[in-house]
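Enquirer: Given the sequences, and given the hints that come with them, work out the whole structure.
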Amino acid sequence: MQIQVLKSKIHRVKVTGADLNYIGSITIDETLLEASNIIEGEKVAIVNINNGERFETYAIKGERNSGEITLNGPAARKVQKGDIVIIIAYATLEFEEAKTFKPWIIFPNENDNTLT
1 MQIQVLKSKI
11 HRVKVTGADL
21 NYIGSITIDE
31 TLLEASNIIE
41 GEKVAIVNIN
51 NGERFETYAI
61 KGERNSGEIT
71 LNGPAARKVQ
81 KGDIVIIIAY
91 ATLEFEEAKT
101 FKPWIIFPNE
111 NDNTLT
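Here the sequence shown is numbered in the UniProt record's numbering, starting from 1 and rising by one per residue.
Calculated directly from the structure, the hints in this document are not laboratory data. Computed from a prediction, not measured in an experiment: that's the story for all the values here. No residue lacks a Cβ here, since even glycine has one placed at the ideal position from N, Cα and C. There may be inaccurate statements among the hints.
What the hints assert, rightly or not - Quick list of the computed label-pair ranges, beta carbon to beta carbon:
1. 19 <-> 95: 38 to 44 Å
2. 2 <-> 116: 33 to 39 Å
3. 84 <-> 23: 31 to 37 Å
4. 102 <-> 45: 31 to 37 Å
As the list claims (entries may be wrong) - Below, a list of computed lysine-lysine pairs in the DSS-like style, where the Cα atoms sit at most 27 Å apart:
5. 78 <-> 14
6. 99 <-> 61
7. 78 <-> 61
8. 61 <-> 102
Expert: So, in structure tokens, the structure goes:
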């Protein structure tokens with residue numbers, strides 16, 4: 001039996017932009033992607049702390065150490081610049097493997113999205 005478990009989490013980062021006229025996705029600072037073990041193109045869930053929206057998209061690599069968190073395309077309608085979001089990625093694992101799996105969870109500085 002396989003189950004889905006938390007693989008990666010970027011906890012509480014500030015949205016720095018919303019670009020409705022982009023194809024779609026979320027652009028995430030490359031440093032945050034690496035620290036959370038999320039890869040470009042990976043499906044992610046977004047939880048908006050400010051308005052309760054929950055939606056899915058895919059990750060795009062942003063400029064390293066920029067602090068960028070930009071929602072693109074239709075997802076831009078679900079956030080406003082300055083909102084606080086949580087970014088989550090899940091993995092499908094065998095049940096026994098899932099019992100010992102340790103996710104990558106990071107807690108960036110909420111003011112500038114940097115790691116301390």
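Enquirer: Each hint should be assessed against the structure and marked as holding or not.
Expert: Results for each hint:
Take residue 19 and residue 95: their Cβ atoms lie about 40 Å apart, and the range 38 to 44 Å holds. Between residue 2 and residue 116, the C-beta spacing of about 36 Å keeps the proposed range 33 to 39 Å intact. As the Cβ distance of residue 84 to residue 23 is approximately 25 Å, the hint placing it in 31 to 37 Å is violated. At about 19 Å, the beta-carbon gap between residue 102 and residue 45 misses the expected band of 31 to 37 Å.
Annotation: proposed proximity of residue 78 to residue 14 holds, straight-line Cα distance about 14 Å (limit 27 Å). For the hint linking residue 99 to residue 61, the alpha-carbon distance of about 30 Å lies beyond 27 Å, and the restraint is violated. The straight-line distance between the Cα atoms of residue 78 and residue 61 is roughly 20 Å, inside the 27 Å bound, and the hint therefore holds. As the CA atoms of residue 61 and residue 102 are separated by approximately 24 Å, the hinted pair is consistent with the 27 Å bound.
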